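J.: Below are the chains, spelled out letter by letter.
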Amino acid sequence: MLGAAIVGRMYQLQILQKDRYAVLADENRINLRLLVPPRGRIYDRFGVPLADNKPNYRVVVIPEQTGDLEAALAAVGKLIEVTEADRNRVLREVRRKHSFVPLVVRSNLSWEEMARIEVAVPELPGVAIEQGMIRHYPYGPVAAHILGYVAAVSEQELTGDPLLELPDFRIGKSGIEKAQDRSLRGAAGTSQVEVNAYGRVVREIATTPGQPGQDLVLGIDMAMQDFVTRRCAAEPSVSCVLLDALTGDVLSLVSSPAFDPSAFSTGLTPAVWQELSTDPRNPLTDKAIGGAYPPGSTFKPVVALAALESGSITPDTAVSCPGYLELGDATFHCWKKGGHGGVRLRDAIKRSCDVYFYETARRTGIDRIAEMAKRMGFGAPLGLDIPGERPGLIPTRDWKLATTGSPWQQGETLIAGIGQGSVLATPLQLATMAARLVTGRAVVPHLLRPAGRLPPGGDAVPPAFAPLGISPRSLGLVLEGMTAVVNEQGGTAYAARVNEPALAMGGKSGTSQVRRISQHEREHGLRKVSEIPWKERDHALFVAFAPIGAPRYVCAVVVEHGGETGGGGSAVGAPICRDVLVEAQRRDPARKVPQAEPMAQTIAPDLPLAIPAAAASPGFRRG
Amino acid sequence: MTSLSPDIGRRSLTVADKLRGMHWGLVLLVAAISGIGFVMLYSAGNGSWQPWASRQMARFAVTLVPMLAVALIDVRYWHRSAYWIYGVALILVVAVDLRGFVGMGAQRWIDLGVIQLQPSEIMKIALVLALARYFHGLPAEHSGRLRYVVLPVFLILVPVALVLKQPDLGTAIMLLAGGAILCFLGGVRLWLFGAGALAAAAAAPIAWSFLRDYQKTRLYTFLEPDTDPLGAGYHIMQSKIALGSGGLFGKGFLLGTQSHLSFLPEKQTDFIFTMFAEEYGLVGGLVLLTLYVLVIVYAFAIALRSRSQFGRLLGLGVGVNFFLYAFINTAMVMGLIPVVGVPLPLISYGGTAMVTVMLGFGLLMNIGVHRDVRLSRAGESHLG
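Respectively, the protein sequence lines represent chains S and W.
Numbered by the numbering used here, the letters in the first sequence go through residues 1 to 623 in order.
Numbered by the numbering used here, the letters in the second sequence go through residues 624 to 1007 in order.
Since the hints were derived computationally from the structure, they do not count as laboratory data.
Accuracy of the hints is not assured; some may be wrong.
Partner residues are not named here, just some residues of chain S that face chain W (Cβ under 8 Å, in silico) [what the hints assert, rightly or not]: (1) Ile6; (2) Gln14; (3) Ile15; (4) Gln17; (5) Lys18; (6) Leu24; (7) Ala25; (8) Asn28; (9) Leu32; (10) Ala197.
Covered stretches of chain W, going by a simulated chain S footprint (3 or more residues, C-beta under 8 Å) [said to hold, decoys possible]: (11) 653-663; (12) 743-753; (13) 866-872.
Computed from a predicted model, the values in this text were never measured in an experiment.
Cβ coordinates follow ideal geometry from the N, Cα and C atoms, glycine included.
Model the full structure from these sequences, guided by the hints.
T.: Written out as structure tokens, the structure is:
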């Protein structure tokens, strides 16, 4: 009877439940190991690598092969620096792990350190060099905010994908690295290995190769990006956006100062992190898309367009500027104390007359201004293909009522007319506004180039953005005023004009107040810039396009706290815009301009553009 | 067997007589099972005679001689010295308790330098000898009475208690079960067993409190092996996986993944049957079990042909012991009973178990050889 129990049990286990136990036995012995796929590389429009992977060497000890672990660590310590913390960590880990598991003594070895160990390896049993891959950004901080960075996966980012749980795996945390993380990541390969009960690999059974991450091409011109970065370094805190107005390609997007994204791949030291996160200039923030500033006078083209399109003014409407405008019992000051006298639209833009735009805004009304601002790209994120965009703000009656509970005051319309008050815009929005001004189309900026690298001769057909439905005449009038700003005596940015006529730019300066000007200061004269703390100085802004004959490049610059009181962005912002646009045009021949048809349609040849004769010289206009 | 004359019981047997009367078939069976053991130990060593197979073969060769010697010594000698042997074994068990060598969490061995002696194993034989002698000397009409059961109960319970204290649950169970069966065969009435079982049931809560934690865990684990697959249930779970994945014909010699990748614990000792069944499947397992059954049947046949009660009981005791070894071991590796640490006789790696089993077979063959020798109640031969 007992014998029958034995035989019956054997029958039950070995015949009836055989399949179940066979599976369990395989699960025991077969271990699936993930092979990390190489992360996709990122290139600029000409194929310059902006982000790639480089080997990362680390020195490991295999305790069972060392004989004497402490002696081995000491020997390694003689060749390269091994801190007490590293040593203790290894001695702690060895107690918890099997003796055949390699323990990392130090990672991120320099080439020289690696070589020193490599040479000594024959005399150091149990010491070995292991190679991993690490994300590398050859240009360091130059495109940091565009590319973003990768770092170890955090608890919240775990999705159950076992790839994310590998200790060496890095995930995109910002910029393109984050936005395109899925395609850059690729798919993990697997290696089936037979292991024994202690986890030691006995043999490899099968491998399936993974799918390497997809390579990406950006519209960035890295040489241009580098130039802009260096130009911006002249000021403490700057952001600058350069767009190809026809294609919407972001040619460079700089937020200065920046950080070195490579440092994040290996993990930041607390000191570096502390420094980055407490710097008042916010190096970690991409101010070009995530900084929202009152646009100041750079907003005036929008007000002008709204007024012209609504018919509330004509180019010939004259406004008298005595230096202030009174509305009810409030007084609105012009930046120029003595006033501009009688001004028409062209002059008002050229000399940035505040009283003219107070009056124009009053006549046009906030509803029309807000509507035009939205058409020009303000008040909402533009949908750039990296995270971090701020929406900015275009105030409306509804917004005022919803946020403060009180109704809109007409005085606020006047303030909005000069881009102050509640109006907020990002540098990217300002550049986009310029692109929309020169094309008349709803240009949307983008970083990725799905078409891949720029073919020789440039893109065959630039993307056709939808027309904005603004009359070419109104656009032309505004552009004419902006051209005068830079190229005519008395223009606010005449000092920053381009001397080479073929490369001439048009633009609009702006100053955004960080602090209210007190009555005391008005009466007793303003303090000198040098006397004002940096944090309290005005922001200097400049928006520009070039060349004036056939605008292709648009640029927006915001110099934080760089404004001279009353002087606007022309003194600090305009020279940066000029240098950037000139450089962009100098590099242009290599780029080959695609067909300029959209230009011809929106900015009709009959436009009364004040183009200096030299600017229209043959040879510059490519078609 | 025709060579043995009818008057053989009345004169001393010559060595030649004894050798002729030896059950060589049993020796062959034992050698065959041991041979399977060597092969399995070779496999357990990952295809190497080291470290287990070669040493086990040497032990087998060495213990073959004392086995034959035990068979040849006159049965009257064994009858006379039965209590002495029991006494010596008991002293050894006590000695282990006093100053034993601690191995595998339990005090079981006395280190004699050359071999490590496990007195509780010797006790298995000694108890059988003592009980056989006792019931042999007891008139049949007395064996049912309560007061004549007191001594054998002591003979059993004293070593059981000592062995439990070591602690060695497997051996204690074997001593208890083997002793009880021998008492039954010796003529103790069935109702007394019922009374004993009731007493045991009443004492169970007390006994429970004496169990070591790991023994309690094993009992829990037996009841619910899947609750803690990486802890206490690991052994039995892995054993069942190994058995089950072997299937009908097994994975083949040296190809058992569970055993060769070390998932199966103690594959060379307690769990060697699992390894065998993983590599040779249900078919191989049944062949091995058949060999064991043959040995047991052989043992019972020899015992029942003995003319003396001592011989019958000694033979049956050896057979029962062998059966208990095989049954407890195979049942425990299959998860039928808790893991109690009983080796598979003749196959598991280990010295003392081999010695005990071989000496047991020596006694068994002794009974076979001296089956016609009559013993008086006092132990004297009728013609002595």
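J.: Please name the hints from earlier in the document that this structure breaks, with their numbers sorted from lowest to highest.
T.: Those not satisfied are hints 9, 11, 12.
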